[in-house]
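Engineer: Protein chains in written order, with the numbering used here: chain A, 1 to 417; chain B, 1001 to 1315; chain C, 2001 to 2415.
Don't take each hint at face value.
[Said to hold, decoys possible] Listed next, with one range per pair, are the computed distances between beta-carbon atoms:
#  : chain 1 : residue 1 : chain 2 : residue 2 : range
1  : B       : D1126     : A       : E205      : 52 to 62 Å
2  : A       : R206      : B       : P1267     : 29 to 39 Å
3  : A       : L330      : B       : W1156     : 50 to 60 Å
4  : B       : P1123     : C       : G2305     : 51 to 61 Å
5  : B       : Q1055     : A       : V285      : 28 to 38 Å
6  : C       : G2334     : A       : L6        : 16 to 26 Å
7  : B       : G1033     : A       : D213      : 25 to 35 Å
8  : A       : L8        : B       : A1180     : 51 to 61 Å
9  : B       : V1261     : A       : L6        : 52 to 62 Å
10 : B       : P1123     : A       : V285      : 39 to 49 Å
[Stated by the list, open to error] Anything over 12 Å on all C-beta distances counts as not near chain B; from chain A, calculated:
#  : residue
11 : L131
12 : T189
13 : Y212
14 : A317
Honestly, the hints are just simulated from the structure, not real lab data.
From the three backbone atoms N, C-alpha and C, an ideal C-beta is built for every residue, glycine too.
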Amino acid sequence: MRSRWLILVLVAVAIALPWGFYDWGHHRHAGFLISMLSQAGMMIILALSYNMLLGQAGLFSLCHATFFGIGGYAMVHFLNAAGKDELPLPMEVMPLLAGLSGLGLAILFGAMATKQRATAFAMITLGIGELMATAALMFHHFFGGEGGVTTDRMIDNSLFGLTYSSGIQVYYLIVAWTLIAVALMYYLTLTPLGRMANATRDNYERAQFIGYDPRMVRFIQFALSGFFAGIGGGLYAITYEIVTFDALAAPLSANALLMAYIGGTTVFGGPILGAILITLLQSGVSLLSNSWLVYVGVMFIAMVIFAPSGLAGIIQAHGPIKRAGRLGRLTLPYLRLVLPALALLLGFVGLVELMSFLTIGAAQGKKLVLFGNAIDVHATMPWVISAASLVWGAVWLRFAAAGFHRVWENLSAEVRR
Amino acid sequence: METLLISVLNGLVYGMLLFMLASGLTLIFSMMGVLNFAHASIYMLGAYLAFTISQFVGFFPALIIAPILCGLIGAAIEIWGLRRAHQNGHIAELLFTFGLVFIIQRVVQMTWGMLPMPYRVPPSLDFPLFVLYGSNFPAYRGFMLLISAAMLLSTWLLLKKTRVGLIIQAALTHPHMVSALGHNVPRVFTTVFAGGCLLAGLAGVIGGNYQTTEPGMADSMGPIVFVVVVFGGLGSLAGCFVASIVMGMIQTFAVVIDYSVADVLRPLGLAISGDTLLTEVLTVPVARIGALLPFVMMVTILFFRPRGLMGTRDT
Amino acid sequence: MLLVRGLFATVIAFSLGIAARPAAAAEDTIKVAYIDPFSGPFASGGDEFLKVFGYILQKVNADGGALGKKFEVVPFDDKLQPAEALIALKNITDQNIPFVMQCTGSNVGAALVDGVSKHNARNPDNRILYLNCGALATELTNEQCDFWQFRFTGNVEMRAAARIKALPADIKKVYLLNQDYLFGQSVQHDTKKWLEKLRPDIQIVGDELMPFGKVQDFSSYVAKIKASGAQSVITGNYNRDLNLLIKAAVDDGLNVRFDTYLAHLIGGPTAIGSAGENRLSSVTEFHPNVPVELNKPDAEAFDNGWRANHDTDFSEVPFLTMFQMLAKAIDKAGSTDPMKVALALEDMKATDMVGFPVQMRKEDHQISMPYYAAHFTKDVKYDSEKTGLGWKTDFIASSEDLTLPTTCKMKRPKS
């Protein structure tokens, strides 16, 4: 019951958030925020549909962006047809067509790929992804080459009389479709198909033994995940009104994987967290630092080593303690972790930025500005402070983490009793 | 005929370079079951380190020092990173190497800058070895062949004739049995990972000046090495060797073929004309899609034979 | 404990410092947003151009900027992805920055032309002007031309015309090798068009597209070129695809010219080195030896100012011209309102750093500017990227030479 409230609150936040940043001075919405939220919406669909493969069926795919991209390209062509009055469909149902395009391609490729398992499956999908990305650059009729295909989303055909001229209208369309897609994907996990996908993930042979065709189960799962990715791609096309080969290239497939994993593949809602976090990192942090890829890399490595079940996994681990009503006892240990973690972070970020400014920024004539003061990257003090902060934070965090671990173990033991 | 012979030679050189990269990855992949995404990044690191070292002590010392440094880096990665990620499963390991790619890329950019390095073939090797039908065969390519052949031989000897090699071989096919026999499997893992990185570093040293040393070199080499490893098959160095040479040859030969599907269909009475997506696909000459053929071949072979060309067990 | 408190204060100040950064920039400058890749494998281009803009702005601001204000470049990272560029565009319009530049990649350029046009149509009170300084696809000022885009660099067709005009008369057989994507294909198309028009005596003995950035070994292409008997390879390849090609040709002993479009791009001379001596030529916007050849001490001094602190060449004269014309247009319009500035820019005439006339054409918003076809040789005053070799002009294609017809049918906004 409580999770239902959580969902309602989340939806309310998604709807209200743009208004919190409304620019009353100019009477317009914060376009950047809306873009980022829209991007987060389609990434949520992408990550969740990817998790239908990775988390639910144990399929490690490296070409998920292919279906996202094909949905996007198809959507552009549908919109263009609609703009010429050849396709009399309202905007609101168009993403469904994009989804069907994704489904069609996923059926084709799924029939090839799901014949194999594990690494062979992964490598077939890698090959398919590479082939599709290169084909998109080579064939102009459908993909438009490097420049991509553009469209105009103002097709003047809407169930609600909307023009979709402003980003906020598109954003609400994305919210609606994200909700629909997320709900559908959730109910899929409850169907026999979803359960059988889990079974083939956990034990392929046994699933086969009890009379199911695991290959068929995985094929259907693959095709359906292509359908949802296609919807995401359709929303992408509506938002940006241009689709280029980047929408189906390998970096986006990698992103889908990262979002799903960082968020947590074992919990249904995990990839949602991952999608929001990665979108923020990509569009937000990259504005502040050109070294953002290092931070992303280090974060992944830290997650992979210390929290393999992802963000959602961490939250879930608190479940038993919370049910026992003893969450309060973790507050102090958590607070103890905050300071050393911040020191570690500060030291690390400081060193990376100093180094980056020493080699790249200095040549650009840029200055490292912190707290409004320019910092001389050639002076020793900033380096010493950063290094000291890093080392000291690391050592302290080790002790603090050990203390935290003790408390955690005790609590878990108590709860189990 | 002359084009054929020259293409064979060139394909061989490129194939051997591929093999040097792929052999390390095959060992790592077969033993740990993890595709090391950062393998090509180590290759890049090898090239950059070799460039810097060769500025101080010359190319030939760099040929030895840079790979050893790469091996040490590999050992450090295995001990402090991969081993811990290993406990969390294969996908965790894979993502770990994935994160490494980002970090190494940026570290290289921060240390050496964003532009290509003037890393050149040493003057002592910069002359034509022999002339074949009016085409030079540069001495450096001969040198590359020599190095890679020497590497092939020494790896083979190491694996077949030494005790460590026997354990590695056993761990390739029966890791649990090896550890049950009381061998220190983690240490074997570290050795193999470091060894693989050493080979990648060596490939970087001789590939960096054969091609160009720049921050993008890892991205351009990465996928093809995967293809070679998977095509060759898990747990089989011989398969990896064959796959490398085949891939080297295919990429070299595809360029020479100017025919398209439409050209094949034409004698059958099927003329293709017009300006649609289909004609666009059918009239693409093989030369244009040469670089894609490895992927096509990989998908095809996995489709019919998931263990790869000469793999000993399913991937 | 004191240490802890001090650290805590530092952390807070740090986060505030980051948050305060955009606001800290003073309001008395004219901001020009700059979208290009600053991270990932293509970062070298954006990074270098940012340095160049820094250097150019010193001069432009010292000359008085515009409306008595100084220019300020605000960089945004697009990772060479159109979607990221469009998100950045939203960020830029949120901050009411009236101008956006973008200098790398026609895919991003096409997205921006379209995105800016739609944004301006839908938000007439918050318009923005797109200053294209490096998206070269010919279409952008032809079929896809737009009122809100001004291109301050030559398009592929202009470069093709200059390229063919500069070919030596004794060349009779050429081989075309290009990358298989929009830019390479348009180089291929326009090269053939101008060969036919200007040099019907030249025979095209090979015409080939190669996968973009995927080829590791060019020796088989070299074998093919050799078999064709070509005297010159005309190619739009750049970066790795060009460097490896020339290396492979030199290794093979193949003696042909490489008449390229983009060999002078940053990093090219370093990677090619002596392999390109006397056989490599390129179509440049400018190169360090132009002022020497034309005897322009002022321009030479400006170029030397760059060389004193950088290992790379200064060849981005169009960037300087762009800022000078922008400053003039803003002064003429009396404000930074994109509409007024756009109208002021139309048909604006100016002279570039070495004194050649340039003009922003009204029909398609394409600048006409001179191009210098040059070859790579030891026989120069200034070398390139410390390689000992530099560019020497063979042929100057003037802006009249390169004023080409356009198919642009521009939709002009009413107000």
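Engineer: State for each hint whether it applies.
Structural biologist: Evaluated hints:
1. B:D1126 to A:E205: 52 to 62 Å: For A:E205 against B:D1126, whose Cβ atoms are near 59 Å apart, the range 52 to 62 Å holds.
2. A:R206 to B:P1267: 29 to 39 Å: Given range 29 to 39 Å: violated, Cβ gap about 54 Å.
3. A:L330 to B:W1156: 50 to 60 Å: 57 Å, holds
4. B:P1123 to C:G2305: 51 to 61 Å: 35 Å, violated
5. B:Q1055 to A:V285: 28 to 38 Å: 35 Å, holds
6. C:G2334 to A:L6: 16 to 26 Å: 55 Å, violated
7. B:G1033 to A:D213: 25 to 35 Å: 26 Å, holds
8. A:L8 to B:A1180: 51 to 61 Å: The hinted range 51 to 61 Å holds for A:L8 and B:A1180, with Cβ atoms some 55 Å apart.
9. B:V1261 to A:L6: 52 to 62 Å: 55 Å, holds
10. B:P1123 to A:V285: 39 to 49 Å: 46 Å, holds
11. L131: 5 Å, violated
12. T189: 20 Å, holds
13. Y212: 21 Å, holds
14. A317: Given that every Cβ of chain B is farther than 12 Å from that of A:A317, nearest at about 14 Å, it holds.
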